[in-house]
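Assemble the complex: chain A is given as a structure, and chain B must be docked to it using the hints.
For the record, the sequence lines run as chains A and B. Just so you know, our numbering puts 121 at position 121 of the first sequence, and the rest follows in order with no gaps. Just so we're on the same page, our numbering is the position in the second sequence counted from 1, plus 1000.
Nothing false has been slipped in among the hints.
Think about it this way: if two alpha-carbon atoms lie no more than 20 Å apart in a straight line, the pair counts; the simulated SDA-like pairs of lysine to any residue are:
#, chain 1, residue 1, chain 2, residue 2
1, A, Lys264, B, Val1144
2, A, Lys264, B, Ser1155
3, B, Lys1156, B, Leu1106
In short, the hints are calculated from the structure, not lab data.
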Amino acid sequence: MTLFLLSIMVFLGGQVLPGNVGRAILGPFADQRAVDALNHTLGVDRPLLTQYATWIWNFIRGDMGTSYIFRSPVAPFVIDALGNSMKLAAVAFVLVVPIGILGGVIAALNLNRPLDRIISLGGLSVTVLPEFVTGIILILIFGVWLRWLPISAAWPKDAGFFTQLYYLILPSLPLFLVLFGYIARMARSGMVEALDSDYTRTAVLKGLPWRTVIWRHVLRNALLPTITVIATQTGYLIGGLVVIETLFRYQGIGSLIFTAARGKDFPMLESGILTIGIVYAVATLIADFLYSVLNPRIRLGSDQ
Amino acid sequence: MSAVPTTSPPQDDTRRRSPLAEVLFSLLRSRTFLVGLFIVLFWVACALFGEHFAPYDPLADDIINALAPPSAEHWFGTDQIGRDVFSRVIVGSRDILTVAPLATLLATVAGTALGLLTGYFRGIVDDVVSRILEAFMAIPVVIVALLAIVALGTSKATVIVVIGLSFAPIIARTVRSAVLAERELDYVAAAQLRHESALHTMFVEILPNVIPPILVETTVRLGYAIFAVATLSFMGFGIQPPSPDWGLSISSNYGMIGGGFWWTVLFDALAIASLVIGVNLVADGVHGALND
Chain A
1 MTLFLLSIMV FLGGQVLPGN VGRAILGPFA DQRAVDALNH TLGVDRPLLT
51 QYATWIWNFI RGDMGTSYIF RSPVAPFVID ALGNSMKLAA VAFVLVVPIG
101 ILGGVIAALN LNRPLDRIIS LGGLSVTVLP EFVTGIILIL IFGVWLRWLP
151 ISAAWPKDAG FFTQLYYLIL PSLPLFLVLF GYIARMARSG MVEALDSDYT
201 RTAVLKGLPW RTVIWRHVLR NALLPTITVI ATQTGYLIGG LVVIETLFRY
251 QGIGSLIFTA ARGKDFPMLE SGILTIGIVY AVATLIADFL YSVLNPRIRL
301 GSDQ
Chain B
1001 MSAVPTTSPP QDDTRRRSPL AEVLFSLLRS RTFLVGLFIV LFWVACALFG
1051 EHFAPYDPLA DDIINALAPP SAEHWFGTDQ IGRDVFSRVI VGSRDILTVA
1101 PLATLLATVA GTALGLLTGY FRGIVDDVVS RILEAFMAIP VVIVALLAIV
1151 ALGTSKATVI VVIGLSFAPI IARTVRSAVL AERELDYVAA AQLRHESALH
1201 TMFVEILPNV IPPILVETTV RLGYAIFAVA TLSFMGFGIQ PPSPDWGLSI
1251 SSNYGMIGGG FWWTVLFDAL AIASLVIGVN LVADGVHGAL ND
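Bound-form chain B, shown alone:
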């Protein structure tokens, strides 16, 4: 996912590395991209190695010190059964950073395939599939998710599939419009004249040339996937206890904020906020770099 494939033909020596290098260069010069990348990498590091530098076990309770306000021992205080909020916030990045990227990956793969099919064949395939996709897009993701999760039961896999499939039509639409422009170009006609199979033309000839819009759409979708996973976890339909997930922690603690226990929810809320904004800054940077 991290490497941008070179899109130019290999025999053209002067242009061989330049598009990729240019994109990387403008990415590194974009301040929004770098800030976003820093935030995202910080949370990725927390997700990978969180328990090594978290001061306490995020799941260990300590009833005597329950609901302690922030102090020197517990920087972010403790929750209702005495778990250390600081440790929970650090390790809480893990589940959302597994589920959201996997859902985005699923959406990208399914959406790209659908977009290539509808854009390449047009005609009746396009009409039928596009109408169905449009209808799907009109239904709010939360509603689809609610229905599917009630029917199928809650698990990380359900959340991934639901979000992945709800986002696939949106990616399909982007890919389709890119393919519609590509298929009129000479190289596609050349492939068709060589009697290449439709699959070969779609995936080997056209796909590499529509990678940039797919990449942009994928990073944007990742932001929405985090939004959706966090929301579903908050509603109790996403990541399940005892995970220290942020949305889940907020949902189990927000009932008490009337009593002034702000530290049990504020830091989780800020963590979600920073991750979502970080991903969106990265998306903004990628969009800018690929469209200049």
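For reference, chain A alone in the conformation it holds in the complex:
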């Protein structure tokens, strides 16, 4: 449903609103016949519904159209960019999920003590800041003043895994900071609720060691809502990637969309956004699946 709506929005936004595509590409002084010919080659003079059907059908077959700017197929650009973005997102996720959960758990175990205050308030503050703001401040600290990390994410050609990782640390930090607050907060409130529950008290009164109570009873229940939050953050993460990749001049899907939007390269823009929509839908599906695996009370396909 979301994908369908997104595809329609993208289609309308990208193909109908710019008006005369041929005119837009060739400029205001081009010959009318040349404009008509180009419009015909691009297929934009056909009825809307036909255009939409062709576009979706081609997309499904892997043909994303031809870039207005590069005059070559869009697909390789999108696939390359998606790969780069996934590297960046992966670094951010691998850092933030364990640290965020750990932060939330530590905060909950120290409820209302100074450590909890620091984690909660600190998490809240960094979560609400726009990524480019934290990004700029981090670049200034680590890239310009301390000179520990490169300020651009464009690594040299043939860079190995660790060099790439080294270049990705700084760009992933702003994403890390925004996500950290959300994940830590969810983990904390889940923990607080679980620690306060009857089954925890039963386990404690049963004489189980504290460690076992935390691992077997509290954590398992506490982290379920956190997983949902992590999944819903994929959507956010993609928005964040657009900003971060622009700031760090990284060739990812976000900067691809940004450049396409600036250059009014609609086939590129549409394919990029639709690809993101698909990634998002897949991430949501995986989250639902994980949730049902971890929570025996919810099973896929059962009627209540």
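Just chain B now, with coordinates in the frame of chain A:
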């Protein structure tokens, strides 16, 4: 926006002022709220009267003194065409503090109307509208904004409409769940028995009783609206030159930070950071005061 409407019936003398007074009292005792309010009021004052106490004209260039580091004459240094960064930071609060609140207002009005409709009618109206809203919420705001702005062109009005409409579903969801609880109460049944119109029941009977959650959601959204406006301006899709807007200034200067010209971006970044945190502290305070 500043006054919280009294929600209790006027004839009940002992409770007439107490809910409002209680909320105000707990707000004034909340340290986070006061700190946040102070920060926000500071920037509002800068937005309103900035040019009167800014030492220089924020738009006046002075090429000879371009990229001067912070000094006694230019506290925050000058940018690449010699404009005074300190003055620009002060006056730069104006556009974001116009666009973000207007977008939030639009989101609140549209979201409240949608929430009342879906919560009150339920059934098929609710199903259809809620599904569409859910689908909308799944799409990142930045992407929606990018598409709309590419298609419609950049202007403050576009930014307001885009952010307003992207946030409306979120407010609608909050209002809807509040309305779902309210509509089971006796006063709604009484209104229906009096044959009041659906519109009257929704807007005159139910609306005053769901103001607190709307207020909380609105202040929270204001924080996100500032986030979004700043981000869009940074991307070049929001506030346009020659405005001394913070996001815009950062986007035109960050290319040079490799050369060590940190003062051209740091103060704008800190200004955005302080405003966003200030609004969120206020939101946190309002949330605490209305939920105790």
